[in-house]
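Asks: Sequence:
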Amino acid sequence: MLDIKFIRQNSERVQRDAINKGYTDVNIEGVLKIDDERKVLSQKIDE
Numbered sequence: 699m700l701d702i703k704f705i706r707q708n709s710e711r712v713q714r715d716a717i718n719k720g721y722t723d724v725n726i727e728g729v730l731k732i733d734d735e736r737k738v739l740s741q742k743i744d745e
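Count along the sequence shown starting at 1, add 698, and that's the number in this note's numbering.
Treat the hints with caution; some may be incorrect.
[Stated by the list, open to error] Pairs of lysine to any residue, SDA-like flavour, derived with a Cα cap of 25 Å: (1) 742 x 715; (2) 737 x 701; (3) 703 x 743; (4) 737 x 711; (5) 703 x 725.
[Stated by the list, open to error] Estimated spans, in silico, between C-beta atoms of each pair: (6) 742 x 703: 20 to 26 Å; (7) 744 x 707: 21 to 27 Å; (8) 710 x 744: 28 to 34 Å; (9) 744 x 719: 35 to 41 Å.
If you're looking for bench data, these hints aren't it; they were derived computationally from the structure. Backbone N, C-alpha and C define an ideal beta-carbon position, used for all residues, glycine too.
Please construct the entire structure, taking both the sequences and the accompanying hints into account.
Replies: Structure representation (structure tokens):
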């Protein structure tokens, strides 16, 4: 499993490597968008 920080810092590489391994339906931008939404919700809960 990859750390979300690593994915953010290396999104193009992660996407390329996933495709090279045969995972053609991986959507890294979608993963990052969902993580952004998670952060917003987490901040709202903490308030």
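Asks: With reference to the structure, classify each hint as holding or not holding.
Replies: Hints versus structure:
1. 742 x 715: violated, 35 Å
2. 737 x 701: At roughly 15 Å apart (the allowed maximum being 25 Å), residue 701 and residue 737 satisfy the hint.
3. 703 x 743: holds, 22 Å
4. 737 x 711: holds, 23 Å
5. 703 x 725: Between residue 703 and residue 725 the Cα gap is close to 16 Å, so the pair holds against 25 Å.
6. 742 x 703: 20 to 26 Å: holds, 22 Å
7. 744 x 707: 21 to 27 Å: holds, 25 Å
8. 710 x 744: 28 to 34 Å: Since residue 710 and residue 744 have Cβ atoms about 32 Å apart, the given range 28 to 34 Å holds.
9. 744 x 719: 35 to 41 Å: holds, 37 Å
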